[in-house]
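**Q** Below, each chain spelled out in residue letters.
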Amino acid sequence: MEFSIGQIAAMLGGEVQGNDSGKISMLAKIQDAKTGQIAFLSNPKYEQYIYTTQASAVIVKKDFQPRKELTTTLILVEDPYSSFTVLLEEYHKLISFQKNGIEQPSFQSDTATVGNQLYRGAFSYIGNRVKIGNNVKVYPHVFIGDDTVIGDNTILHPNVKIYAGTRIGNNCVIHAGTVIGSDGFGFAPQGDGTYKTIPQLGNVLIEDNVTIGANTVIDCATLFGDSTIIRSGVKLDNLIQIAHNVEIGKNTVIAAQAGISGSTKVGDNAMIAGQVGIAGHLILANRTQIGAQAGISKSVKEEGQQLLGYPAIDIKDYFRSYAVFKRLPELNDRLRELEKKLGTLAATELNSDTRP
Amino acid sequence: MEFSIGQIAAMLGGEVQGNDSGKISMLAKIQDAKTGQIAFLSNPKYEQYIYTTQASAVIVKKDFQPRKELTTTLILVEDPYSSFTVLLEEYHKLISFQKNGIEQPSFQSDTATVGNQLYRGAFSYIGNRVKIGNNVKVYPHVFIGDDTVIGDNTILHPNVKIYAGTRIGNNCVIHAGTVIGSDGFGFAPQGDGTYKTIPQLGNVLIEDNVTIGANTVIDCATLFGDSTIIRSGVKLDNLIQIAHNVEIGKNTVIAAQAGISGSTKVGDNAMIAGQVGIAGHLILANRTQIGAQAGISKSVKEEGQQLLGYPAIDIKDYFRSYAVFKRLPELNDRLRELEKKLGTLAATELNSDTRP
Amino acid sequence: MEFSIGQIAAMLGGEVQGNDSGKISMLAKIQDAKTGQIAFLSNPKYEQYIYTTQASAVIVKKDFQPRKELTTTLILVEDPYSSFTVLLEEYHKLISFQKNGIEQPSFQSDTATVGNQLYRGAFSYIGNRVKIGNNVKVYPHVFIGDDTVIGDNTILHPNVKIYAGTRIGNNCVIHAGTVIGSDGFGFAPQGDGTYKTIPQLGNVLIEDNVTIGANTVIDCATLFGDSTIIRSGVKLDNLIQIAHNVEIGKNTVIAAQAGISGSTKVGDNAMIAGQVGIAGHLILANRTQIGAQAGISKSVKEEGQQLLGYPAIDIKDYFRSYAVFKRLPELNDRLRELEKKLGTLAATELNSDTRP
Chain L
152 MEFSIGQIAA
162 MLGGEVQGND
172 SGKISMLAKI
182 QDAKTGQIAF
192 LSNPKYEQYI
202 YTTQASAVIV
212 KKDFQPRKEL
222 TTTLILVEDP
232 YSSFTVLLEE
242 YHKLISFQKN
252 GIEQPSFQSD
262 TATVGNQLYR
272 GAFSYIGNRV
282 KIGNNVKVYP
292 HVFIGDDTVI
302 GDNTILHPNV
312 KIYAGTRIGN
322 NCVIHAGTVI
332 GSDGFGFAPQ
342 GDGTYKTIPQ
352 LGNVLIEDNV
362 TIGANTVIDC
372 ATLFGDSTII
382 RSGVKLDNLI
392 QIAHNVEIGK
402 NTVIAAQAGI
412 SGSTKVGDNA
422 MIAGQVGIAG
432 HLILANRTQI
442 GAQAGISKSV
452 KEEGQQLLGY
462 PAIDIKDYFR
472 SYAVFKRLPE
482 LNDRLRELEK
492 KLGTLAATEL
502 NSDTRP
Chain W
152 MEFSIGQIAA
162 MLGGEVQGND
172 SGKISMLAKI
182 QDAKTGQIAF
192 LSNPKYEQYI
202 YTTQASAVIV
212 KKDFQPRKEL
222 TTTLILVEDP
232 YSSFTVLLEE
242 YHKLISFQKN
252 GIEQPSFQSD
262 TATVGNQLYR
272 GAFSYIGNRV
282 KIGNNVKVYP
292 HVFIGDDTVI
302 GDNTILHPNV
312 KIYAGTRIGN
322 NCVIHAGTVI
332 GSDGFGFAPQ
342 GDGTYKTIPQ
352 LGNVLIEDNV
362 TIGANTVIDC
372 ATLFGDSTII
382 RSGVKLDNLI
392 QIAHNVEIGK
402 NTVIAAQAGI
412 SGSTKVGDNA
422 MIAGQVGIAG
432 HLILANRTQI
442 GAQAGISKSV
452 KEEGQQLLGY
462 PAIDIKDYFR
472 SYAVFKRLPE
482 LNDRLRELEK
492 KLGTLAATEL
502 NSDTRP
Chain A
152 MEFSIGQIAA
162 MLGGEVQGND
172 SGKISMLAKI
182 QDAKTGQIAF
192 LSNPKYEQYI
202 YTTQASAVIV
212 KKDFQPRKEL
222 TTTLILVEDP
232 YSSFTVLLEE
242 YHKLISFQKN
252 GIEQPSFQSD
262 TATVGNQLYR
272 GAFSYIGNRV
282 KIGNNVKVYP
292 HVFIGDDTVI
302 GDNTILHPNV
312 KIYAGTRIGN
322 NCVIHAGTVI
332 GSDGFGFAPQ
342 GDGTYKTIPQ
352 LGNVLIEDNV
362 TIGANTVIDC
372 ATLFGDSTII
382 RSGVKLDNLI
392 QIAHNVEIGK
402 NTVIAAQAGI
412 SGSTKVGDNA
422 MIAGQVGIAG
432 HLILANRTQI
442 GAQAGISKSV
452 KEEGQQLLGY
462 PAIDIKDYFR
472 SYAVFKRLPE
482 LNDRLRELEK
492 KLGTLAATEL
502 NSDTRP
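Residue numbers (this note's numbering), protein chains in the order written: chain L, 152 to 507; chain W, 152 to 507; chain A, 152 to 507.
Don't take each hint at face value.
[As the list claims (entries may be wrong)] According to the in silico footprint, chain L covers these stretches of chain A (three or more CB under 8 Å from chain L): (1) 425-431; (2) 470-476.
[Said to hold, decoys possible] Counterexamples of contact, computed for chain A against chain W with all Cβ distances above 10 Å: (3) Gly173; (4) Asp183; (5) Lys196; (6) Ser233; (7) Gly266; (8) Phe274; (9) Val300; (10) Tyr346; (11) Thr348; (12) Ile349; (13) Thr373; (14) Lys449; (15) Glu453.
Just so you know, the hints here were simulated from the structure itself, not pulled from any lab data. Glycine included, every Cβ here is placed at the ideal spot set by N, Cα and C.
The whole structure should be built from the sequences, with the hints applied where relevant.
**A** Here it is in structure tokens:
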């Protein structure tokens with residue numbers, strides 16, 4: 152992963168001022184950059200650093216006029232910050248997808264089929280009849296159960312565990328330790344106080360462009376042919392619990408340690424903050440927003456509502472009530488005071504009434 | 152895993168109407184079923200599907216009278232739904248225990264002893280002096296530390312991690328990524344603000360028929376010879392924290408993301424909902440029921456109590472108080488109104504008293 | 152790991168009474184101890200056991216005078232309990248660091264460099280250019296990403312996952328299933344309702360003497376050159392979420408299932424209880440103490456504050472308000488009663504005022 156300054160300038164549609172054959176392998180801040188690295192200058196208060204930087208190249212605004220001599224090469228562009236962001240994203244893609252080839256020992260069933268540019272890390276496991284698309288990265292210690300199907304450009308970080316029969320789309324990223332397709336939590340109480348396991352025979356379906364954090368768990372659906380569904384564009388953080396038969400609508404974002412109980416359907420473009428708990432068998436409208444640690448016990452019908460509390464209510468109402476909650480001892484005192492006064496007054500009144 | 156229709160009918164004590172030699176390899180809903188699959192018809196409103204289904208067989212009630220021609224084979228039974236449930240459970244058992252044999256590379260210490268019908272998945276690890284019963288399934292990436300003992304018919308899903316010295320009974324199921332026997336969280340504060348680690352030298356004891364979800368953690372006990380104990384029939388969901396020296400009574404059910412602090416003893420047949428937190432060194436009576444997200448700060452002496460809130464109180468009391476909480480701003484206004492009125496009244500009274 | 156009684160006495164600076172050549176391989180309680188084990192007697196109410204114990208040796212107070220015949224060997228010391236604690240700690244260190252050598256198959260890049268006394272468990276993975284100090288224990292299924300640096304005497308329990316570029320100090324312990332350096336949860340909303348991934352290019356820096364529980368997650372920082380930082384002496388429990396760019400001050404202790412949002416800085420010697428949630432971009436003063444399940448939504452400026460509630464307030468204020476919360480239905484009734492009385496009174500007053 153090394154580019155010449157000329158190649159980078161061409162990618163950005165910029166103009167080189169200086170030596171365009173220098174090699175760049177990394178991005179850095181202008182004050183920290185070293186040889187072989189590229190930085191940018193956008194905010195004038197950082198201009199001082201451009202005269203001393205060791206960066207091999209600096210991206211600057213088209214009309215930049217150096218006030219001292221420069222040792223670094225310049226790339227002139229319209230908007231240095233957004234050009235740098237483009238490079239960041241390209242760099243990120245490159246490092247995300249740089250792993251290639253087969254490390255040994257790793258395990259792939261004879262009946263599995265895999266696409267081009269597969270990375271199969273050491274100690275990874277690909278089960279029977281698994282189908283994997285192109286440019287998929289299977290890091291070390293990943294487990295892919297039998298009959299799973301995975302689309303193109305998907306990255307499975309170390310130790311992702313995928314139970315048999317899961318379906319995962321294109322351009323997904325799943326972080327380390329996450330479990331997809333474990334049994335839903337279903338047990339039927341028996342007369343003697345024990346529980347009988349309800350077989351969990353469905354699967355998990357994850358659409359395209361889904362990102363899932365680390366050590367999250369998504370359970371499979373209960374019935375044959377049913378799926379726990381994560382729609383396209385959903386972003387899940389770390390340590391989240393998604394129970395059996397849940398459906399998360401497209402582009403919904405869920406922060407760390409939230410938990411969604413069985414059979415609940417969350418709408419599209421919802422935002423669920425950290426440590427939220429949602430009861431089972433509910434329907435949440437599109438664009439519902441739930442504040443951190445809230446507990447949702449009822450369906451939400453109106454779109455775009457903001458909720459907080461336990462059980463959750465409208466966020467403004469919660470804060471109004473909580474403001475009074477904080478003064479409850481004072482309220483209690485005032486109430487007691489009133490009762491005393493009213494007692495006295497009633498006594499006085501009684502007196503005045505019985506006045507001759 | 153393929154059975155003839157005749158074999159299935161015999162298993163259910165049912166009678167075949169049609170070709171009993173057709174092969175069945177899967178169960179399905181009547182509206183979705185394909186050749187090689189078996190479905191059931193119980194609710195009359197689904198009757199229409201039996202005339203068009205591609206299922207190779209359909210389980211129906213003994214007295215079922217088709218109103219049109221049928222292409223599928225019938226199995227006549229007393230109760231089609233419960234017969235189908237029997238098949239589901241048999242099927243589930245079959246797929247749960249279908250894995251057999253040794254996949255390579257996998258690691259088993261020379262000093263470990265294992266029973267019959269072991270499945271030892273690729274990259275699994277069985278440490279020194281480990282003892283494993285019959286028909287145990289050790290999926291890929293499972294780690295079993297030294298001196299661990301595991302009973303018969305227990306399934307360890309991919310990547311379960313068992314620290315040295317753990318004891319696990321018969322018929323247990325532990326899902327992917329769960330950790331058993333990690334160090335309890337014990338540190339002694341030192342004069343200089345640092346902490347010294349208190350050695351955690353006990354183990355974890357899991358009795359029979361226990362099911363544990365994915366990415367849950369159970370810490371070992373602190374002292375030599377002591378155990379963190381999970382009694383028989385307990386069902387734990389995903390992402391649960393069980394601290395050192397905890398004991399969970401038999402047939403207790405705990406939902407996802409709940410956490411139980413050190414040395415607390417939970418009684419038998421308790422039900423603990425998701426995201427509940429329980430403080431340390433408490434005793435909870437049998438059949439205690441705790442609502443989602445509640446925080447338990449005191450022991451519960453009376454059996455069968457239902458608790459909610461933070462700290463938790465009787466669930467009915469919590470809801471009564473919360474109903475008023477939601478109207479606190481209004482209460483505050485009414486209180487202010489009363490104060491104003493009473494002020495006016497007292498002033499009036501004063502006037503009337505001083506009237507000549 | 153077997154010592155003679157004489158060696159142990161020398162380690163404790165104690166005096167042997169009896170056979171000093173007996174072999175000890177384990178510690179136990181005096182009532183449970185067997186041959187080859189050592190126990191202690193400190194509390195006089197356990198004295199009875201010393202006359203029947205099978206322990207090969209018992210540590211007793213210097214001035215201990217047996218009242219019956221003894222079959223066990225004595226080690227006389229100043230303080231038997233603290234001597235036993237010393238042995239516990241030594242024993243714990245021994246078993247923690249007893250693993251040595253290379254188990255196969257395991258994976259180590261040609262460009263990695265490792266110190267002396269490395270334990271490299273089966274199926275562990277050490278990536279490119281990784282640098283590992285002396286006496287480091289890498290258990291089975293551990294993944295160490297490229298360019299990671301690890302100090303001396305650090306233990307990585309089974310299945311710890313370390314993303315590329317992480318730095319870990321000396322004397323750290325990380326428990327099974329924990330993930331270090333996964334992507335921060337950063338997404339930029341787009342006009343069409345989808346989200347674009349913000350590249351996460353920083354790393355995680357863990358200083359010395361840090362202990363981290365099982366299945367915890369620590370995300371990497373967002374920007375090049377930035378780190379999510381865990382300062383020396385920090386103790387983290389299981390299933391904790393530490394988001395990108397967080398900094399945890401030295402000797403801070405965090406209990407299980409707590410979550411800290413992005414860019415928040417927690418001071419030194421803070422104590423954070425289980426299931427606490429802390430919002431992003433906050434600063435918490437040194438020695439802040441946060442009660443279980445609290446939600447922190449604002450920075451804490453004053454050192455040593457104790458907080459509880461949701462959002463959290465001073466813990467004493469929370470309990471005072473909660474005491475009234477539990478009686479809210481009664482308060483509501485009293486308020487209604489007052490309103491009624493005052494209505495009657497005002498009516499009476501009106502009457503008395505209009506009296507001729």
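**Q** For each hint, tell me whether it holds in the structure or not.
**A** Structure-based check of each hint:
1. Counting residues of the segment 425-431 of chain A whose CB falls under 8 Å from any CB of chain L gives 3; the rule of at least 3 is met.
2. For the segment 470-476 of chain A, the assignment as covered by chain L holds, since 5 residues bring a beta-carbon within under 8 Å of that chain's beta-carbons and 3 suffice.
3. Every CB of chain W lies more than 10 Å from the CB of Gly173(A), the least distance being 19 Å, so the non-interface label holds.
4. Asp183(A), annotated as away from the interface, has a beta carbon of chain W within 10 Å; the closest lies near 6 Å.
5. Distance check on Lys196(A): its Cβ is at least 18 Å (rounded) from any Cβ of chain W, clearing the 10 Å threshold; non-interface status holds.
6. At roughly 12 Å, the least C-beta separation between Ser233(A) and chain W is larger than 10 Å, which holds for a residue marked as non-interface.
7. Chain W leaves Gly266(A) outside its interface by the beta-carbon criterion, the shortest separation being 22 Å against a cut-off of 10 Å.
8. Listed as outside the interface, Phe274(A) is inconsistent with that label: its C-beta sits roughly 5 Å from the nearest C-beta of chain W, within the 10 Å cut-off.
9. Every Cβ of chain W is farther than 10 Å from the Cβ of Val300(A); the closest lies at roughly 23 Å, confirming the non-interface assignment.
10. Every C-beta of chain W lies more than 10 Å from that of Tyr346(A), the closest at about 24 Å, which supports listing it as non-interface.
11. Non-interface call for Thr348(A) relative to chain W: holds, since the shortest CB-CB distance, roughly 24 Å, exceeds 10 Å.
12. With a minimum CB-CB distance of about 26 Å to chain W, Ile349(A) clears the 10 Å threshold, and the non-interface call stands.
13. With a minimum CB-CB distance of about 25 Å to chain W, Thr373(A) clears the 10 Å threshold, and the non-interface call stands.
14. Every CB of chain W lies more than 10 Å from the CB of Lys449(A), the least distance being 19 Å, so the non-interface label holds.
15. Annotated as non-interface, Glu453(A) keeps its C-beta farther than 10 Å from every C-beta of chain W; the closest such distance is 18 Å.
Checked against the numbered hints listed earlier, the structure breaks hints 4 and 8; every other hint is satisfied.
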